[in-house]
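Throughout the sequence shown, residue numbering follows the numbering used here, covering 1 to 94 in sequence.
Keep in mind that the hints are not guaranteed to be accurate.
Below, computed lysine-lysine pairings styled on PhoX-like, alpha-carbon distance capped at 20 Å [unchecked claim]:
id: 1; residue 1: Lys41; residue 2: Lys86
id: 2; residue 1: Lys86; residue 2: Lys39
id: 3; residue 1: Lys66; residue 2: Lys39
Using C-beta positions, here's what the derived DEER-type ranges look like [claimed, not checked]:
id: 4; residue 1: Asn37; residue 2: Thr71; range: 14 to 24 Å
id: 5; residue 1: Asp84; residue 2: Glu32; range: 25 to 35 Å
id: 6; residue 1: Thr71; residue 2: Asp11; range: 12 to 22 Å
Derived from the structure by calculation, the hints contain no laboratory data.
Glycine included, each C-beta is placed from N, C-alpha and C at the ideal position.
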Amino acid sequence: MAPTIELHDVDVQSFLAVLDTCEGDVFLVTREGDHLNLKSKLCQLVGLTKLIEGGKITNAYIVCQKPEDETKLFRFNLLGDMGDAKVEKEEDKK
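Produce the entire structure from the sequences given, and follow the hints as far as they go.
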């Protein structure tokens, strides 16, 4: 697997939108060593709720299976670049 990306103060909704565009498995690694596959919606719910404070991810590591996904998430983390990802607004869901 590719090297890790450390996340700090990431907007969760935007992060999940970018995550949905990833092609390979993406793992959230906690400081305790838990590995949660974020391509699974259940793991997103379980894992992210433990790490979220005030709507932001406080501190976590990401490990990507594919280098392209690592590049995508690195650009998002560093520059806020969402690429092709779109955040779905509440009014769009109705």
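Hints violated by the structure (numbers, ascending) = none
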